[in-house]
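Engineer: Residue numbers (our numbering), protein chains in the order written: chain Z, 1 to 157; chain B, 1 to 157; chain X, 1 to 157.
Warning: the hint list may mix true and false statements.
Since the list can't tell identical chains apart, any single copy or any two copies may satisfy a pair.
When the alpha-carbon atoms are kept at most 35 angstroms apart in a straight line, the in silico DSBU-like pairs for lysine-lysine are as follows [what the hints assert, rightly or not]:
| id | residue 1 | residue 2 |
| --- | --- | --- |
| 1 | Lys-13 | Lys-114 |
| 2 | Lys-5 | Lys-96 |
| 3 | Lys-56 | Lys-94 |
| 4 | Lys-5 | Lys-56 |
| 5 | Lys-13 | Lys-94 |
Just so you know, these hints were derived from the structure itself, not from any lab.
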Amino acid sequence: MEGTKRMAIIATKGTLDWVYPPLILASTAAALGYDVQVFCTFYGLQLLRKDLSGIKISPLANPAMPMPVPMPVMVQALPGMEAMATMMMKNKMKAKGVASVEELRGLCLEAGVKFIACQMTVDLFDFQPSDFIDGIEFGGATTFLGFAGDSDISLYI
Amino acid sequence: MEGTKRMAIIATKGTLDWVYPPLILASTAAALGYDVQVFCTFYGLQLLRKDLSGIKISPLANPAMPMPVPMPVMVQALPGMEAMATMMMKNKMKAKGVASVEELRGLCLEAGVKFIACQMTVDLFDFQPSDFIDGIEFGGATTFLGFAGDSDISLYI
Amino acid sequence: MEGTKRMAIIATKGTLDWVYPPLILASTAAALGYDVQVFCTFYGLQLLRKDLSGIKISPLANPAMPMPVPMPVMVQALPGMEAMATMMMKNKMKAKGVASVEELRGLCLEAGVKFIACQMTVDLFDFQPSDFIDGIEFGGATTFLGFAGDSDISLYI
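Construct all of the structure, not just a fragment, from the sequences and the given hints.
Structural biologist: Structure representation (structure tokens):
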């Protein structure tokens, strides 16, 4: 309609499965010429950390996830199962040629996607500015609305 | 503005509670004359399977769900509780006259809702094209953005 | 473009973390002059109850949540951990100066945010009209679409 299209994303999740959608949508949209902003809040702040090792998958929270080997719920709650499910998921992604979280985040940054960390949740979870990668901004709901209000696509992930 | 309204949905969840919102919104919008596309990815692929029996509810993942009988968290993790919670939910829905997932999906298809399976997650979870119902398409983030970029409503569910 | 901007929110979650985003976004948008409607369905009905004590946090459902003290998954499933995690989260929010759910809901109501309870899920969970605060409306997917179809921002939370 009026030149460049815009997409605004709120990224709120920090598990291995749910960090993918904002990164895939943001990098794809940027490649298509969209102006993209990703506002990271709550567990979505994990996306902006230098250390991405806190991103895991919980077998318990996803009853619909087809696991390579069926496991009863109690076994899923045993110590170590979270780490094992995370490793299995990462291996599967690698085998299928899916890019890592770090690679996708790099693609987004190169393509000009702007990442904003929610100041309120940064404070709430006691994160330090030095925990995050360079080149991001800090803001609040007003920051998000200022961009989203004129966007073609707004998604809460 | 320009004739037909459009709604783009990304359906990412595969539990009994969360498969309802995309189907209810899509069928209602289609009935109101909207052009609707539902892009199914991650656990949302469950929506497109011929076999819908993988759609369950997890009592653990929903602390805010009012259960007919209060249960401590440990009991919710016992073997069999997932199946029992699913059965209880299905019975309650039936008693309240809520349509089944299969019925709602049928309504969507009849009303012209277009379903798209995310090729990347189809590959990731080792699904076969024969696992899915007929009449769907396969695509990626570009497919979604191509429709969503000109939609009146875009929702990530 | 055409005067007042509009934001449509579907609030579907009822845990302590996920009731905040709709309330913060709605109150901020209303303060900026937006016309805002929040359609509450499934566990999002918790937002509209007079009694907000059902809003808890589940340590199990959020593997990405940085807990003050690391706990193995089994310990998180022990009886009492849900209540303890909820108390810890509430204390932390208070210490950081984050408004309570009740305060934020009050701000929304004062600013003219319209709350709509999904009649289908009200029936499904056997809620009574007297369970909810005054001043809300009841409706269905058609109600939501009627507003969202002409909104600048639509979010499914």
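Engineer: Hint by hint, say whether it matches the structure.
Structural biologist: Hints and how they fare:
| no. | hint | verdict |
| --- | --- | --- |
| 1 | Lys-13 with Lys-114 | both (18 angstroms within a copy, 27 angstroms between copies) |
| 2 | Lys-5 with Lys-96 | within (31 angstroms within a copy, 37 angstroms between copies) |
| 3 | Lys-56 with Lys-94 | both (15 angstroms within a copy, 28 angstroms between copies) |
| 4 | Lys-5 with Lys-56 | within (33 angstroms within a copy, 38 angstroms between copies) |
| 5 | Lys-13 with Lys-94 | both (21 angstroms within a copy, 23 angstroms between copies) |
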